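Chemist: Chains A and B, in that order, are what the protein sequence lines are.
Each residue of the first sequence is one higher than the last, beginning at 1 in the numbering used here.
Each residue of the second sequence is one higher than the last, beginning at 1 in the numbering used here.
No lab work stands behind these hints: they were computed from the structure.
Incorrect hints may appear among the rest.
[Stated by the list, open to error] Now the in silico label distances, taken between C-beta atoms and shown as ranges:
| no. | chain 1 | residue 1 | chain 2 | residue 2 | range |
| --- | --- | --- | --- | --- | --- |
| 1 | A | Thr113 | B | Glu196 | 23 to 29 angstroms |
| 2 | B | Glu140 | A | Lys33 | 24 to 30 angstroms |
| 3 | A | Arg86 | B | Val76 | 34 to 40 angstroms |
| 4 | A | Val118 | B | Pro121 | 35 to 41 angstroms |
| 5 | A | Ala179 | B | Pro6 | 37 to 43 angstroms |
| 6 | A | Pro48 | B | Arg237 | 47 to 53 angstroms |
| 7 | B | Ala229 | A | Lys33 | 22 to 28 angstroms |
| 8 | A | Arg86 | B | Ser65 | 26 to 32 angstroms |
| 9 | B | Thr166 | A | Ile94 | 54 to 60 angstroms |
| 10 | A | Ser30 | B | Asp21 | 39 to 45 angstroms |
| 11 | A | Arg86 | B | Thr166 | 25 to 31 angstroms |
| 12 | A | Ala65 | B | Arg237 | 38 to 44 angstroms |
| 13 | A | Ile94 | B | Gly91 | 46 to 52 angstroms |
[Said to hold, decoys possible] Computed list of lysine-lysine pairs in DSS-like fashion (alpha-carbon distance at most 25 angstroms, straight line):
| no. | chain 1 | residue 1 | chain 2 | residue 2 |
| --- | --- | --- | --- | --- |
| 14 | B | Lys177 | A | Lys33 |
| 15 | A | Lys31 | B | Lys221 |
| 16 | A | Lys27 | B | Lys177 |
| 17 | B | Lys120 | B | Lys179 |
| 18 | B | Lys227 | A | Lys27 |
| 19 | B | Lys227 | A | Lys141 |
| 20 | A | Lys148 | B | Lys177 |
| 21 | B | Lys58 | A | Lys27 |
| 22 | A | Lys141 | B | Lys58 |
| 23 | B | Lys155 | A | Lys27 |
Keep in mind it's a predicted model, so treat the numbers as computed, not measured.
Glycine is no exception: its CB is placed at the ideal position from the N, C-alpha and C atoms.
Each chain, written out:
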Amino acid sequence: MANAYEAGAAGLPCAIFRGYIGGDLPKVNSKIKRVTCPFTGEQLAAIPAHRPNVAVIHAQRADRAGNVMIEGVLGVQKEAVLASKRSVVTVEEIVDELPPDRSLNAVVLPHWTVGHVVEVPGGAFPSYAQGYYPRNNGFYKEWDAIAKERDSFLAWMKTNVLDKGPDAFARYARKVQAAAE
Amino acid sequence: MADYKPNEMMTIAAARALKNDDVCFVGIGQPSAACNLARLTHAPDITLIYESGTLATKPNILPLSIGDGELCETAVTTVPVPEMFRYWLQGGRIKIGFLGGAQIDKYANLNTTVVGPYDKPKVRLPGGGGAPEIATSCGEIFIIMAQGKRSFVDKLDFVTSIGHVTGGDSRAKLGVKTKGPTKLITDLAIFEPDPETKEMTVVSIHPGVTREQIQENSGWKIAFAAKVAETPPPTSRELEVLRDLHARTTRAHEAA
Numbered sequence: 001m002a003n004a005y006e007a008g009a010a011g012l013p014c015a016i017f018r019g020y021i022g023g024d025l026p027k028v029n030s031k032i033k034r035v036t037c038p039f040t041g042e043q044l045a046a047i048p049a050h051r052p053n054v055a056v057i058h059a060q061r062a063d064r065a066g067n068v069m070i071e072g073v074l075g076v077q078k079e080a081v082l083a084s085k086r087s088v089v090t091v092e093e094i095v096d097e098l099p100p101d102r103s104l105n106a107v108v109l110p111h112w113t114v115g116h117v118v119e120v121p122g123g124a125f126p127s128y129a130q131g132y133y134p135r136n137n138g139f140y141k142e143w144d145a146i147a148k149e150r151d152s153f154l155a156w157m158k159t160n161v162l163d164k165g166p167d168a169f170a171r172y173a174r175k176v177q178a179a180a181e
Numbered sequence: 001m002a003d004y005k006p007n008e009m010m011t012i013a014a015a016r017a018l019k020n021d022d023v024c025f026v027g028i029g030q031p032s033a034a035c036n037l038a039r040l041t042h043a044p045d046i047t048l049i050y051e052s053g054t055l056a057t058k059p060n061i062l063p064l065s066i067g068d069g070e071l072c073e074t075a076v077t078t079v080p081v082p083e084m085f086r087y088w089l090q091g092g093r094i095k096i097g098f099l100g101g102a103q104i105d106k107y108a109n110l111n112t113t114v115v116g117p118y119d120k121p122k123v124r125l126p127g128g129g130g131a132p133e134i135a136t137s138c139g140e141i142f143i144i145m146a147q148g149k150r151s152f153v154d155k156l157d158f159v160t161s162i163g164h165v166t167g168g169d170s171r172a173k174l175g176v177k178t179k180g181p182t183k184l185i186t187d188l189a190i191f192e193p194d195p196e197t198k199e200m201t202v203v204s205i206h207p208g209v210t211r212e213q214i215q216e217n218s219g220w221k222i223a224f225a226a227k228v229a230e231t232p233p234p235t236s237r238e239l240e241v242l243r244d245l246h247a248r249t250t251r252a253h254e255a256a
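Okay, chain A solo, but in the shape it has when bound (with noise of 0.2 angstroms):
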């Protein structure tokens, strides 16, 4: 899926990479292919590149002109929102200012290649976000159970979100991060 990502934040139609050699997968995925190398001859695997209609992401902040700020695990969080089409990203706070003292390397996404941007405070949870609130690992682990079939899921779904909306999210989540300062 990394490989995926970054052929589609390249514009590129696939992804190459030395992987899959030996095992299984190619035979239950028809997407995993194999193409030679122009210059050495060497066998490698091929994938279509990942283009989502639409990305949605999760960083620490953003200034007002939508320039965002990523500290931490990165993942795939970048490639996702340059390989989609439309991308959302959620922010812990919009600023009117980066801080002058964030590494020099910190803004991941200029204003540019955002679709829209939505301070969400809290919103990475249950998980964590660096810097400002650590993960529920009590509910983390919870969740296995929920999520392991879909009627659970979908009650869980309805009784703590649709019926609710967001406003008992941003209810809750002042709650998280108030136990975090």
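Please build the complex by placing chain B on the supplied structure of chain A, with the hints as guidance.
Modeler: Just chain B now, kept in the frame of chain A:
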């Protein structure tokens, strides 16, 4: 001799396999415990790398997932995941990959995809993640897994990551230049590949364990090396550090 559990012997034997100057790609779960035990005992300078891109991390507690903030905060640097796989893993900069799995066969091929048929699985496992690439890109592979008839099988339901494939030179014939699994550490014994057949062969048996027990907990006929050693029992320091690590981890993971 201190009292200890087979699982503790396994983690401790696995930790001992690592050296202070190793650069090691760490799988979550059992491998993570073994690698950090090594770092907290005889290998304080070992470079531990997790799939989330955290390079040379020194967590105080075991991570719940590869993306834990603790890994990032204690790392030399954290790189994006595509870079992790391209420059670091495929680039050949990682000496040892430490993996676990749900099923293993005698050539140390691993299954982390499904138990049962792929289209109608009895159990859907977490999947390959980065394991297929780790298995072929790291210089060599160490595997840690508790033994049992359901996990040590004659034939894998699915080959997620290759070990020595069908034995002999079959791995090299696929064009893979790395060594593959050089150590398999279980709760009963330590296995290494036979130099010719590449079948995983018992080279050391943990204290108090019999050859029959090793056989009873495997789905294939186990090969024993000509000279089989006895694994030195855990030292009191190894046990203390491991138990402290698990206690700290449990406290942190139970916190709301």
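Chemist: So, for every hint listed, does it hold in this structure?
Modeler: Hint check results:
{"no.": "1", "hint": "Thr113/A - Glu196/B: 23 to 29 angstroms", "result": "violated, 55 angstroms"}
{"no.": "2", "hint": "Glu140/B - Lys33/A: 24 to 30 angstroms", "result": "holds, 29 angstroms"}
{"no.": "3", "hint": "Arg86/A - Val76/B: 34 to 40 angstroms", "result": "holds, 36 angstroms"}
{"no.": "4", "hint": "Val118/A - Pro121/B: 35 to 41 angstroms", "result": "holds, 39 angstroms"}
{"no.": "5", "hint": "Ala179/A - Pro6/B: 37 to 43 angstroms", "result": "holds, 39 angstroms"}
{"no.": "6", "hint": "Pro48/A - Arg237/B: 47 to 53 angstroms", "result": "holds, 52 angstroms"}
{"no.": "7", "hint": "Ala229/B - Lys33/A: 22 to 28 angstroms", "result": "violated, 46 angstroms"}
{"no.": "8", "hint": "Arg86/A - Ser65/B: 26 to 32 angstroms", "result": "holds, 28 angstroms"}
{"no.": "9", "hint": "Thr166/B - Ile94/A: 54 to 60 angstroms", "result": "holds, 58 angstroms"}
{"no.": "10", "hint": "Ser30/A - Asp21/B: 39 to 45 angstroms", "result": "holds, 43 angstroms"}
{"no.": "11", "hint": "Arg86/A - Thr166/B: 25 to 31 angstroms", "result": "violated, 48 angstroms"}
{"no.": "12", "hint": "Ala65/A - Arg237/B: 38 to 44 angstroms", "result": "violated, 56 angstroms"}
{"no.": "13", "hint": "Ile94/A - Gly91/B: 46 to 52 angstroms", "result": "violated, 38 angstroms"}
{"no.": "14", "hint": "Lys177/B - Lys33/A", "result": "holds, 21 angstroms"}
{"no.": "15", "hint": "Lys31/A - Lys221/B", "result": "violated, 37 angstroms"}
{"no.": "16", "hint": "Lys27/A - Lys177/B", "result": "holds, 23 angstroms"}
{"no.": "17", "hint": "Lys120/B - Lys179/B", "result": "violated, 34 angstroms"}
{"no.": "18", "hint": "Lys227/B - Lys27/A", "result": "violated, 40 angstroms"}
{"no.": "19", "hint": "Lys227/B - Lys141/A", "result": "violated, 45 angstroms"}
{"no.": "20", "hint": "Lys148/A - Lys177/B", "result": "violated, 39 angstroms"}
{"no.": "21", "hint": "Lys58/B - Lys27/A", "result": "violated, 39 angstroms"}
{"no.": "22", "hint": "Lys141/A - Lys58/B", "result": "holds, 23 angstroms"}
{"no.": "23", "hint": "Lys155/B - Lys27/A", "result": "holds, 17 angstroms"}
The structure does not agree with the numbered hints 1, 7, 11, 12, 13, 15, 17, 18, 19, 20 and 21 stated previously, though it agrees with the rest.
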